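Protein chains in written order, with our numbering: chain A, 1 to 296; chain B, 1 to 274; chain C, 1 to 429.
No lab work stands behind these hints, which were simulated from the structure alone.
It cannot be assumed that every hint is accurate.
Stated by the list, open to error - No farther apart than 27 Å at their CA atoms in a straight line, the calculated lysine-lysine pairs in the DSSO-like style are these:
1) A/Lys74 x C/Lys414
2) C/Lys154 x C/Lys360
3) A/Lys260 x C/Lys217
4) C/Lys179 x C/Lys189
5) A/Lys47 x C/Lys428
6) B/Lys55 x C/Lys287
7) A/Lys47 x C/Lys137
8) C/Lys118 x A/Lys47
9) A/Lys240 x C/Lys407
10) C/Lys154 x A/Lys260
11) A/Lys260 x C/Lys315
12) A/Lys74 x C/Lys407
13) C/Lys315 x A/Lys47
14) C/Lys137 x A/Lys260
15) C/Lys189 x C/Lys248
16) C/Lys287 x C/Lys158
17) A/Lys240 x C/Lys414
18) A/Lys260 x C/Lys62
19) C/Lys414 x A/Lys260
20) B/Lys55 x C/Lys43
21) C/Lys283 x C/Lys407
22) C/Lys428 x A/Lys260
To be verified - Just the calculated beta-carbon pair ranges, DEER-fashion:
23) A/Ala280 x C/Asp221: 45 to 51 Å
24) A/Gly77 x B/Val58: 41 to 47 Å
25) A/Gly146 x C/Glu225: 32 to 38 Å
26) C/Glu225 x B/Val58: 50 to 56 Å
27) C/Asp289 x A/Gly146: 31 to 37 Å
28) C/Asp289 x B/Arg62: 26 to 32 Å
29) B/Leu105 x A/Ala161: 40 to 46 Å
30) B/Ser7 x A/Arg207: 18 to 24 Å
31) B/Ala50 x A/Ile283: 35 to 41 Å
32) C/Glu225 x A/Ala161: 35 to 41 Å
33) B/Ala50 x C/Thr60: 42 to 48 Å
Note that the coordinates shown come from a computational prediction; the quantities given were computed from them, not determined experimentally.
The beta carbon of each residue, even a glycine, is placed where N, CA and C say it ideally should be.
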Amino acid sequence: MKNAASDEIESPWVGWALFLPAAAFLAVFTYYPALATLYHSVFSTAKAARPARFVGLDNYTAMVQDPIFWQALKNNGWFAMGTIPASIALAIIMALLVNRALPGRALLRMSYFAPTILAMVAVANIWLFIYAPQIGLLNQVVSWFGGTPHNWLGQPDTALASVTAVAIWKEAGFFMIFYLAALQNMPANLAEAAAIEGASRWHYFWRVTFPLLMPTTLFVLVNAVVNAFRLVDHIIVMTKGGPDNASMLLLYYIYEVGFKYWDTSYAAAMSMVLLVILGAIAIGQFLILDRRTHYR
Amino acid sequence: MKLGTDSGFQKFLETVAAWMLGVLWALPLLYAAWAAFHLSADSTRFDLTAPLTWKNFVYVWRAAPFPRYFLNTFLLVSLIIVVQFTLSTLAGYAFARFRFPCKNLMFVLVLLQLMIMPDVLIIENYRTLAAMGLIDTIVAIGMPYFGSAFGIFLMRQTFKSIPKELDDAARIEGAGTMLTLFKVYVPLAKPVYLAYGLVSVSYHWNNFLWPLIVTNSVSARPLTVGLQIFSSGDQGIEWSIITAATLLSAGPLLVAFLLFQRQFVQSFLRAGIR
Amino acid sequence: MKHLSSKLVMAALALATMVVAIPARAVEISFYYPIAVSGPLTKIIEGLVADFEKANPGITVKPIYSGNYGETLAKALTANRSGQPPQVAVLVASDALTLIDEDAVVPMEGFVKTDSDKKWLDGFFPAFLMNGRYEGKTYGIPFQRSTQVLYWNKAAFKEAGLDPNRPPANWDETVEFGKKLTVRDSSGKVTRWGLIVPSGVTSHWFLQGFTTQNRAKLTNDAGTETYLATPEAIESLQYFVDLSRKYKIMQEGIIDTGTAPNVFIEGRAAMMFHSTGNLTNVKNNAKFDFGVAMLPARKQRGSATGGGSIYIFKKSTPEQLDASYKFVKWMTSAEQSARWSIATGYVAPRQDAWDLPAMKQYAHDFPPAAVALEQLPFCAPEFSTHDGPRTTKALEDAIDASITGTKTPANALKDAQAEATRILRSYKH
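Using the sequences and the accompanying hints, generate a full structural model.
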């Protein structure tokens, strides 16, 4: 991505003027709030009887001692590890399948992509119904095949996995589209050349296709990681973090603490943690992006 | 398994696998459709002779102000698209074609926003909008998203790929900065706008947590919040009603996708997002 | 009708006085209301509001449906913090302390001046006033109150060889009947459970049925102390847990509160403990004969009261406060209480509502409607403390952990008690 000096017009203020409107909104709704979060996290929450006062690291100490916070963090980790590789792998598989001239291709593509079009809130209500212990679809199918029905959302050991499945179902189709675009933009002569040399399908995929899909994968990865921390709509609808915090995610806990307990300073402290995590991942990804991308 | 030598059997296996996955993926929606078109009592059993009915949809339409929710969502999404396009175009142009002080630093900061979405800053953004007195308005829902790192990045890449000669040609004819932008860059970026628009519409049509926090009344409430409020009785929910409400609110996007599937995918291809 | 016309005259006189004193402009008040049971209740609320406006020309009421109780509270407090709260809202009766701590609501005593006012305030059942009072003042007026009741499937009872007209009267009978009613297929899988008691959202309320029956008091009146780990409380939770884990008459794991009525209606559970607010839903959709009774007793009968009360918010103009009071008084007077109760299945919270001919007829035609009323003398207030959402979560986490077998009831409740004590520390002076 080299910028030739002759490529650019020498007008510093015009540049800024063009950038300014977007910059203003970014400043007010991203950078200022990030700093404000830091500021509020070192004060106590203002209540009717007591105004806010500086408490230093008190909120962070409380956070470190809060088992629910650690549970939420741990769950978010598992959730991320569950959704990211699975949805990306499925997306690649779907793209490969749909890219070939299979019968009913358009219908398949629609079926894979449809979950993306729906709001997570809408989807979550349907899944709540599917997971219902006695009258739900999943248990009916499981019994039909001779398995044991479970209380999927109501037991700590299956609750997180169940909501993870919903997220994977929703995301895979969206990523598929990006991979599909990339696949169709790949030059046909590569496949021909490999065929002439007698390469196997598997070999071709790993040595040629997958590396060429790297830019897409990195782009999709950014989305997937952000979503792993951003998506809590299904928690709001399906489990509210339960049972006993088995499906509690960080952003949902922040929402509960901030808008149900009204402990805004504590919520700010936890938001800082979330910001630091996302910031660290951002930096990490851009470093890798610089080194590993095969741009043409 | 050599390339170019696809046995009929292999293709058959692939087709079956693809179809099984497809059916699995479509199952929840089909299930929802089943429940929505049957009465509550029949919704969980798959008796093919059970009567079909429109009653649930009629009930939903009357029970909550869904028409108003639709309008709000439509206005919200339109507002966001217009502002995002404008701001991203201007900023993308700046990064693609101009030099200005601290440009690289600014670009890095912009990229950071890709990760730090307004959603994780709900508490502070709420405070800001309350201070502006904008709580419970459609504008308030959209404001944190007006500055879009994704949009800026996209437009920058697109504008950079447009040949400089076209720009020079326009300037020779006496066009200023803005005119060049509108006559040369914008028309050539049409497929990108389409793709960006589709992604943005999809995101904001379905956004939930932030609109939930920032709206209080029906006048600003979008479809997602309206749907969830409708579905969340503490004491007993009728599944047929809820699935009907869900399908009703997802309907427009689903239909639009069904009709414009090819264009949708094509726009992604042409935009060269990869 | 005479009643109504004399009220109209009074309202007109009051209005005339107001008109003389203040420039004639309609006062607008906004009204947040939740819907916690299914039904076309929005239409009914709008009907009630329209009737109020007809009787009080000069006041416009804007009804705003704001989701379930949790969402309505969040909305109301969010709006309050940004300086623009609603004037009137229906919120859970036990939210009173939270609202008072946020300095969001005003007590009714400030408005009660005339004899008719006093008669109105005194006409509510004491059981329903319990959660709304604080330091001698009344903040929440009962509007859509409920108690838990026992629903039972008479056809299932007959099948199991039980007398279809005799529901279980105590804890032991519940287990005994439950065992007979649980049906397993040839492979041992359960096709019908004997009992279903929700443990999802608001699980504390369902636990409170058992604690009330076992005479375990969970909080002090001031809302500054909790007693979650007393032997009686632990026994109550143990029984709740044993229903699924030991006696196996109930589904294991957390049982979703919202889907429970569906399970009962589909005949997948023969008995259900749930809110009386579900009456209309069950009545309309169950294809079998069913009965409704008080919850089975242990040391006594009982349930926690539940449901919503109506509050007046502080940040309003004097005209709005006045209008709000009029609205609240009207909405909770005998006729409107009766009307709302018949439409929803909630319990009319005042005696004079039950004395009305329409209500007497309704109770006669549909006896289940009166069961909650019968149970009132045995009821306890809903769990409520300062920083209520937090302490309630501690209790509900304990219930979750016990029901899923992660902790024993004793340990879970001890942890919850420790957590609640920590939360309430700063409120004890």
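Worksheet item: What hint numbers does the structure not satisfy?
Response: Hints 8, 10, 21, 25 and 31 not satisfied by this model.
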